[in-house]
Amino acid sequence: MKEFWEKALLAPLETLSRNVLAVLPNVLAMSIILLVGLVAAWSIGHVVERLLRVIGLDLLSNRLGVSAALARGGVKTDPSHLVGRTAYWLVVAFAIMAGLGALNLQPLNQFAQSFLAYLPRLFTAALILVVGYLLSNFVSQAVLIAAVNAGIPPARIVAACSRWGVQLVAVAMALEQLGIAQNIVTEGFGIVLGGVVLAGAIAFGLGAKDLAKEFLERRLGNKPRDRAPDDLRHL
Amino acid sequence: MESYGRKRTGTPMTVAATPLTPETERKVGEIGATDVLVGIPSYNNVDTIGHVVRAVSAGLAKYFARSRAVLVNSDGGSSDGTAEAVARAVVDLGTLLISEQQSPLHKIITPYHGIPGKGSAFRTIFEIARRLKARACAVVDSDLRSITPEWIELLIRPVLEEGYDYVAPYYLRHKYDGTITNNIVYPLTRALYGQRIRQPIGGDFGFSGRLAEHYLEKHVWESDVARFGIDIWMTTEAIASGARVCQSFLGAKIHNPKDPAADLSAMLVQVMGAVFALMEEQQFVWVEVKGSNPVKLFGFQYDVGVEPVNVNVDRMISSFRQGLADLEPIWRQMLAPDTVEGLLRLKDCPLQAFRIPDELWARLIYDVAVSYHQRVMPREHLLKAFTPLYLGRTATFVLETQGLTSHEAEGRIEFLCQAFEDRKPYLVERWKAPLS
Chain D
1 MKEFWEKALL APLETLSRNV LAVLPNVLAM SIILLVGLVA AWSIGHVVER LLRVIGLDLL
61 SNRLGVSAAL ARGGVKTDPS HLVGRTAYWL VVAFAIMAGL GALNLQPLNQ FAQSFLAYLP
121 RLFTAALILV VGYLLSNFVS QAVLIAAVNA GIPPARIVAA CSRWGVQLVA VAMALEQLGI
181 AQNIVTEGFG IVLGGVVLAG AIAFGLGAKD LAKEFLERRL GNKPRDRAPD DLRHL
Chain L
236 MESYGRKRTG TPMTVAATPL TPETERKVGE IGATDVLVGI PSYNNVDTIG HVVRAVSAGL
296 AKYFARSRAV LVNSDGGSSD GTAEAVARAV VDLGTLLISE QQSPLHKIIT PYHGIPGKGS
356 AFRTIFEIAR RLKARACAVV DSDLRSITPE WIELLIRPVL EEGYDYVAPY YLRHKYDGTI
416 TNNIVYPLTR ALYGQRIRQP IGGDFGFSGR LAEHYLEKHV WESDVARFGI DIWMTTEAIA
476 SGARVCQSFL GAKIHNPKDP AADLSAMLVQ VMGAVFALME EQQFVWVEVK GSNPVKLFGF
536 QYDVGVEPVN VNVDRMISSF RQGLADLEPI WRQMLAPDTV EGLLRLKDCP LQAFRIPDEL
596 WARLIYDVAV SYHQRVMPRE HLLKAFTPLY LGRTATFVLE TQGLTSHEAE GRIEFLCQAF
656 EDRKPYLVER WKAPLS
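Chains as they are written, first to last, in my numbering: chain D, 1 to 235; chain L, 236 to 671.
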């Protein structure tokens, strides 16, 4: 009976307590890392937000149309707060990874390593999207103004096409960076772009060949415009 | 060199001497000194420059016979034989009834260094004027067809004999000539700097040797001034530095035809960009100025009848309305809400009733200046988005002055200038307001 008591009940309990005692420092370390990480995340997020407010990120975002785009996307907070929150959650994510690493469990370690290895790609993809978005705004505004000044009636459609074109390139580049369906994205994008260019060329060739002829003659042959210009001299 | 009574503005001096070619250095050394210098910037102007050189030579011989005189052609690398045309051009003084002997006219034909543009060409002319210690100078365009010897007298004599530092041109122009000058540059510079210089971007100017030296001392020769903004810069800098300014009536200005339909928005970017950039540089001068003063006008004034000209008002208004339809969000970024509301009222009005009133136009120009200053969007976009607005205003001007003589149309411009002056406090208040 005594033997049964020792083997069946006490031994597992002893093993369990030994295991718990072995893991306890790791759990304690994880708790400390998480706690420090949370404090650091709060501080860094707060400092980043204040710093960006001081250097006028919100004003710059207003001018670049980023704030308006965020509002259109349902994001009501200002960009400084948004970047501050992003910094906060990045630090929290690092703290969680570091905390889990402190547990020294093989599957968790592998996951943390994979996540950390993927982070630069994630960051690059995000950067590509942001730059692509800003560039698309700039290009579409320039195209819209040029089209209106040239008297092209569907100016807004032309500008919208240029905006979506640039954004499409940015999304394709970001997806390629993330390694998501690389071949499909690259080939799909190539097919779409080729189709658009071909369609445009056919449409232009059929519908505007006289316009193209006049344009080229004017450019290459210094031929004056056919339409009677105003006798106004602006300068 | 110190300025002319008013506090110095802009970047201080200590500028390296402008480089000249060894040949030009040698020629300048030979000549030593001069009383009068006339500069002609050029680039592929073989068709017209011969006439300009002859007119200048005759003007110097006829009106400054006892003065030492130098003609400088500052060329931007012409490949059509412009320099040879300058060297060849001689004038038969006998047929012009000019018998008095004069000291020989020296010609310096030189390429200029630096950024390609009229400003760099002028810089070389200023440098030669400085080295030759010229007392009075003039610059005239090389594509002029209407220049006469009298232009040289009118541009130089106020400097030599009346003590003026800067002589702006005053041309006889058709009421629809110079619509950017009439509707923007003249009213704006007059309201800003308080001097009624009618053609601030005329292109042909007279100036004293010391003003040429003052120009040389400015750090502008690597900027847009060197490319295309030199005319308005010279006028503004002369006023801002406190120089004595006057005008001379030169009659009609006819120059080589340029395609009037050439990119208008690029033209506006250049002209308005130069004016607004100068507003930033000279803000401590113009914010204090109230009202405006007449500027002495030399020369015999006359008027001619108005011949009909082709102006397509419908196209201008439809361009404005397309802007209203497509560019409204951009206009809302660059204009005050009240200004946009004023423009929106023109959306559906009948053609003959279409008007952008003087008060609204003055406020609009001030809004654009403030937006340029505050960089609310890329500056090139801002200035190009202004094109339909300008066409709307030009249509207004044409509709308002139909049937008027050029003299009567000048009265309309006077009303516009008054509107700019009356609303200047609005500009000053918005200009000084912190960014929001």
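Simulated from the structure, these hints should not be mistaken for laboratory data. Warning: the hint list may mix true and false statements.
25 Å max Cα-Cα, derived SDA-like pairs, lysine to any residue [to be verified]:
1) Lys667/L x Asn62/D
2) Lys76/D x Ile152/D
3) Lys667/L x Leu57/D
4) Lys667/L x Val611/L
5) Lys582/L x Ile152/D
6) Lys667/L x Ala125/D
7) Lys297/L x His341/L
8) Lys76/D x His454/L
9) Lys262/L x Gly329/L
10) Lys582/L x Ala142/D
11) Lys76/D x Ile32/D
12) Lys667/L x Arg53/D
13) Lys667/L x Gly151/D
14) Lys531/L x Val546/L
15) Lys582/L x Ser43/D
16) Lys667/L x Arg156/D
17) Lys531/L x Leu235/D
18) Lys582/L x Ile157/D
19) Lys368/L x Ala487/L
20) Lys368/L x Ala293/L
21) Lys667/L x Lys582/L
22) Lys667/L x Asp58/D
23) Lys582/L x Leu108/D
24) Lys76/D x Arg590/L
25) Lys531/L x Gly429/L
26) Lys76/D x Gln568/L
For each hint, the structure was consulted:
1. Proximity of Lys667/L to Asn62/D is assessed by CA-CA distance (about 20 Å); at most 25 Å being required, the pair is judged to hold.
2. Simply put, Lys76/D and Ile152/D have alpha-carbon atoms about 35 Å apart, too far for the 25 Å limit, and the pair is violated.
3. As the CA atoms of Lys667/L and Leu57/D are separated by approximately 21 Å, the hinted pair is consistent with the 25 Å bound.
4. Distance check on the hinted pair: Lys667/L and Val611/L sit about 15 Å apart at the alpha-carbon level, within 25 Å; holds.
5. Restraint check for Lys582/L and Ile152/D: satisfied, since their Cα atoms lie roughly 19 Å apart, inside the 25 Å limit.
6. In summary, the hint linking Lys667/L to Ala125/D is not supported, as the alpha carbons are separated by about 41 Å, beyond the 25 Å threshold.
7. The straight-line distance between the Cα atoms of Lys297/L and His341/L is roughly 15 Å, inside the 25 Å bound, and the hint therefore holds.
8. For the proposed pair Lys76/D and His454/L, the alpha carbon gap of about 46 Å is over 25 Å, so the pair is violated.
9. Distance restraint check for Lys262/L and Gly329/L: the Cα-Cα separation of roughly 28 Å exceeds the 25 Å cut-off, and the hinted pair is therefore not satisfied.
10. Distance hint between Lys582/L and Ala142/D is fulfilled; the C-alpha atoms sit about 24 Å from each other, no more than 25 Å.
11. Taking the CA atoms of Lys76/D and Ile32/D, the gap is about 35 Å. The hint is violated against a cut of 25 Å.
12. Restraint check for Lys667/L and Arg53/D: the C-alpha separation of about 22 Å stays at or below 25 Å, so the hint holds.
13. Annotation: proposed proximity of Lys667/L to Gly151/D is violated, straight-line Cα distance about 36 Å (limit 25 Å).
14. With a CA separation close to 33 Å, the supplied pair Lys531/L and Val546/L exceeds the 25 Å bound.
15. The hinted pair formed by Lys582/L and Ser43/D fails the criterion: a straight-line CA distance of about 53 Å is larger than 25 Å.
16. Between Lys667/L and Arg156/D the alpha-carbon distance is near 35 Å, which puts this suggested pair outside the 25 Å criterion.
17. About 23 Å separates the Cα atoms of Lys531/L and Leu235/D, which keeps this hinted pair within 25 Å; it holds.
18. A C-alpha spacing of about 21 Å is found between Lys582/L and Ile157/D, which places the hinted pair at or below 25 Å, so the restraint holds.
19. Restraint check for Lys368/L and Ala487/L: the C-alpha separation of about 32 Å exceeds 25 Å, so the hint is violated.
20. Straight-line distance between C-alpha atoms of Lys368/L and Ala293/L comes to about 22 Å, which keeps the hinted pair within the 25 Å bound.
21. Distance hint between Lys667/L and Lys582/L is unfulfilled; the C-alpha atoms sit about 32 Å from each other, more than 25 Å.
22. Restraint check for Lys667/L and Asp58/D: the C-alpha separation of about 21 Å stays at or below 25 Å, so the hint holds.
23. Annotation: proposed proximity of Lys582/L to Leu108/D is violated, straight-line Cα distance about 66 Å (limit 25 Å).
24. Pair hint Lys76/D plus Arg590/L does not hold up; C-alpha atoms about 40 Å apart against a cutoff of 25 Å.
25. Under the criterion of a C-alpha separation no larger than 25 Å, the hint pairing Lys531/L with Gly429/L is consistent with the structure, at around 13 Å.
26. For a cut-off of 25 Å, the pair hint linking Lys76/D to Gln568/L stands: about 20 Å separates their Cα positions.
In this structure, the earlier hints numbered 2, 6, 8, 9, 11, 13, 14, 15, 16, 19, 21, 23, 24 are contradicted, and the remaining ones agree with it.
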